[in-house]
Amino acid sequence: DAKTTQPPSMDCAEGRAANLPCNHSTISGNEYVYWYRQIHSQGPQYIIHGLKNNETNEMASLIITEDRKSSTLILPHATLRDTAVYYCIVRPPSIYNQGGKLIFGQGTELSVKP
Amino acid sequence: DAGVIQSPRHEVTEMGQEVTLRCKPISGHDYLFWYRQTMMRGLELLIYFNNNVPIDDSGMPEDRFSAKMPNASFSTLKIQPSEPRDSAVYFCASSRTGVVEKLFFGSGTQLSVL
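If you're matching them up, the sequences are chains A and B in order.
With the numbering used here, letter number 67 in the first sequence gets 67, and the count goes up by one each step, no holes.
Whatever position you read off the second sequence (first residue = 1), add 114 for the numbering used here.
These are calculated hints, taken from the structure and not from any lab test.
Some hints here could point you the wrong way.
[To be verified] Derived pair list, reagent style BS3-like, types lysine-lysine, alpha-carbon separation capped at 30 Å:
#1 A:K101 to A:K69
#2 A:K3 to A:K69
#3 B:K138 to B:K182
#4 A:K101 to A:K113
#5 A:K52 to B:K192
#6 B:K192 to A:K69
#7 A:K101 to B:K192
#8 A:K101 to B:K138
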């Protein structure tokens with residue numbers, strides 16, 4: 001699976017957009033980008049995933065560059081409850097290999113401040 | 115749906131004792147994952163099952179660790195004998211075929227081995 005690089009920490013003002021970057025320069029053609037977050041003392045929570053088109057759901061937007069070597073997770077109006085560690089994971093879908101094994105890196109610790 | 119249910123939430127035991135952690139996946143999910151989280155090593159995948167069959171146990175640290183899934187609604191992770199370095203938060207997660215990478219995590223079991 002492709003390796004990802006994320007900044008260890010970021011700050012964001014409440015109400016502003018939080019833009020969390022992820023580099024995955026070795027991504028291959030069938031690999032998807034997945035984002036999870038983990039709020040303190042809770043289990044990780046799925047946010048969004050995509051292959052090459054931009055994706056949006058009720059939680060966030062995912063912007064993937066045309067060359068697919070990097071992506072950005074956007075929380076459009078961050079709140080204090082969005083303070084969490086955000087994980088970017090790259091892997092092929094389970095149809096290409098056995099199972100859905102997800103390997104979590106160190107992630108980005110996002111602090112949303114009043 | 116109640117989500118993934120783990121028990122106990124907290125477990126304190128003495129070195130050498132047997133520890134059993136329990137997990138009930140979301141009904142209809144056919145994948146089950148056990149993860150361990152520590153400050154030093156982050157989130158580590160220990161083992162995962164598909165249709166109650168262990169698929170990949172390469173993350174299980176030692177023979178002291180064993181996991182079973184006797185039916186679709188129950189799984190256990192057992193440590194025998196336990197050691198202080200096993201202290202961690204243990205998470206169970208489940209997902210279903212078609213969206214295997216969209217994991218739903220439980221609240222975790224905080225294990226302390228004295």
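Checked hints:
1. A:K101 to A:K69: holds (21 Å)
2. A:K3 to A:K69: holds (11 Å)
3. B:K138 to B:K182: holds (12 Å)
4. A:K101 to A:K113: violated (34 Å)
5. A:K52 to B:K192: The hint is violated at about 41 Å.
6. B:K192 to A:K69: Since the Cα atoms of B:K192 and A:K69 sit roughly 41 Å apart, the hinted pair is violated (cutoff 30 Å).
7. A:K101 to B:K192: The hint holds at about 21 Å.
8. A:K101 to B:K138: holds (19 Å)
Comparing the model with each earlier hint shows violations of hints 4, 5 and 6; every other hint is respected.
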